[in-house]
Amino acid sequence: MSVATPTSAPTTATGTRGGNVDGQAIAITVFSTVKWWGRVVLPFVFVAPKVAPKTLTTLQRLSFIHFARWSLITQIPHNGAPQPETKLRYPHLYFESNFNGGWEEYIDAFSHILTTGMWTFWGSSYGFPKALPTGPFKAYIKANEMEASHFYSAYPEATTTEIKQAIELDPMVAELRERADRMTPEEFATAFAELMSEAQRCC
Amino acid sequence: MLLDLASIRDPNRAGQAYALTFLCPIMPGHEDLLRDELEHLGADGPGPLARLPRTHFGRWVICPDFVTDPAQPHPDSLGCEYLIFTCCIDGDPDSYLDALCTELAPETRRIWRHCINAPDPAEGPALKAYLQHNQIRTGLFYSAYPTTTVPDVRRVLGQRSALRRLAVDAPDLSPAELQQRFLAEVR
Chain L
1 MSVATPTSAP TTATGTRGGN VDGQAIAITV FSTVKWWGRV VLPFVFVAPK
51 VAPKTLTTLQ RLSFIHFARW SLITQIPHNG APQPETKLRY PHLYFESNFN
101 GGWEEYIDAF SHILTTGMWT FWGSSYGFPK ALPTGPFKAY IKANEMEASH
151 FYSAYPEATT TEIKQAIELD PMVAELRERA DRMTPEEFAT AFAELMSEAQ
201 RCC
Chain Y
1001 MLLDLASIRD PNRAGQAYAL TFLCPIMPGH EDLLRDELEH LGADGPGPLA
1051 RLPRTHFGRW VICPDFVTDP AQPHPDSLGC EYLIFTCCID GDPDSYLDAL
1101 CTELAPETRR IWRHCINAPD PAEGPALKAY LQHNQIRTGL FYSAYPTTTV
1151 PDVRRVLGQR SALRRLAVDA PDLSPAELQQ RFLAEVR
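The listed protein sequences correspond, in order, to chains L and Y.
Under this note's numbering, the first residue of the first sequence carries the number 1, and numbering increases by one thereafter.
Under this note's numbering, the first residue of the second sequence carries the number 1001, and numbering increases by one thereafter.
Calculated from the structure, these hints are not laboratory results.
You may find that some hints are simply not true.
[Unchecked claim] Have a look at the derived ranges for each label pair, beta carbon to beta carbon:
#1 Y:Asp1036 <-> L:Gly80: 24 to 34 angstroms
#2 Y:Arg1165 <-> L:Pro84: 40 to 50 angstroms
#3 Y:Ala1167 <-> L:Val41: 43 to 53 angstroms
#4 L:Thr116 <-> Y:Thr1102: 22 to 32 angstroms
#5 L:Thr14 <-> Y:Arg1181: 33 to 43 angstroms
[As the list claims (entries may be wrong)] Covered stretches of chain L (in silico footprint by chain Y; criterion: 3 or more residues with CB under 8 angstroms from a CB of chain Y, positions within the stretch not fixed):
#6 108–119
#7 172–182
C-beta: ideal position from N, C-alpha, C; glycine also.
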């Protein structure tokens, strides 16, 4: 769909249905049914990364996730008839992710890197087969996943890694831009080489 | 990473980014009409959310029902099909919803007319109130770049691309040419 930055990157968004894809970006949308005790535990799981941000470090290692969210749904908003008044018997966990790369690789990485975290999030869901081995877990996600009818990314050709690297590079470029027009060409060439060296090191 | 007080107060938030989630009941018999409407949104371009420049990602999903796991003692049904609409946006959700319900009115009319007791026409303040009534609170929202807005993501990506092109060309440029191109192309 819309293209923020031209790229020669090959299409890596594979392993999922067409509605879940926009450029390199993939959408995962999953509901799972939660056991009674998940209603007690999951709110603490959700708060933990906010009061102890280091618990998000593992999630950040999954460098292909742009955004992800979890919601615990215990009641459905009612709008009047003919909507049935739905009294849920169980809580339901809504999960969505916006990421780049292949669906299979995403689940593999999620399972291998976030093994404990996966149980933390989905251990209270009926049928959760443990993160490893990945085969049963992939089957579980497939069974609970819904295809998007329309999925949009504002920068569909950019990977999360590219964005994070570009953000990290930005202040260094800004600093050089700020003084570039006061430098001699030779001074600039030296500073540009230093910037490139620094960019290769960090980004 | 610093403690994100804003997201503790409001779990829909991560840094300046905000997660909107809506669950709206679909009128029985309208499911296929709505699906057809949604699947044609991007037929002639990037789709309507491209007109809201604060949108990072967005999706419309039709949920037929909850899946009943074999280990589940009893099924748990939604009773009718639901339209899930979510988006990851920059900043204030209130003004974003204003923009969604006015600037995207041609599309919102066609989409939410299939939802139970949505306003007719499905646009403006009435649609905004309907959506807010059907909003689902986020438990945990994660962003890989929570302080960076859509325009800034696009800007730094453009800057990175320009820098890469310049780095490739640099060996063939004089220092003066390199400096001129940097000032002209890297923004």
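Here's how the hints hold up against the structure:
1. The hint said 24 to 34 angstroms for the Cβ distance between Asp1036 of chain Y and Gly80 of chain L, and at roughly 26 angstroms that hint holds.
2. Between Arg1165 of chain Y and Pro84 of chain L the CB atoms are about 58 angstroms apart, so this pair departs from the stated range of 40 to 50 angstroms.
3. Between Ala1167 of chain Y and Val41 of chain L the beta carbon distance is about 50 angstroms. The supplied range of 43 to 53 angstroms therefore holds.
4. A beta carbon spacing of about 46 angstroms between Thr116 of chain L and Thr1102 of chain Y contradicts the range 22 to 32 angstroms that was offered as a hint.
5. A hinted range of 33 to 43 angstroms for the beta carbons of Thr14 of chain L and Arg1181 of chain Y is consistent with their spacing of about 37 angstroms.
6. Evaluation of the coverage hint for the region 108–119 of chain L: breached, as 0 residues show C-beta separations to chain Y shorter than 8 angstroms, against a requirement of three.
7. Look at the region 172–182 of chain L against chain Y: 5 of its residues bring a Cβ nearer than 8 angstroms to a Cβ of that chain, three or more, so the hint holds.
Checked against the numbered hints above, the structure breaks hints 2, 4 and 6 and satisfies the rest.
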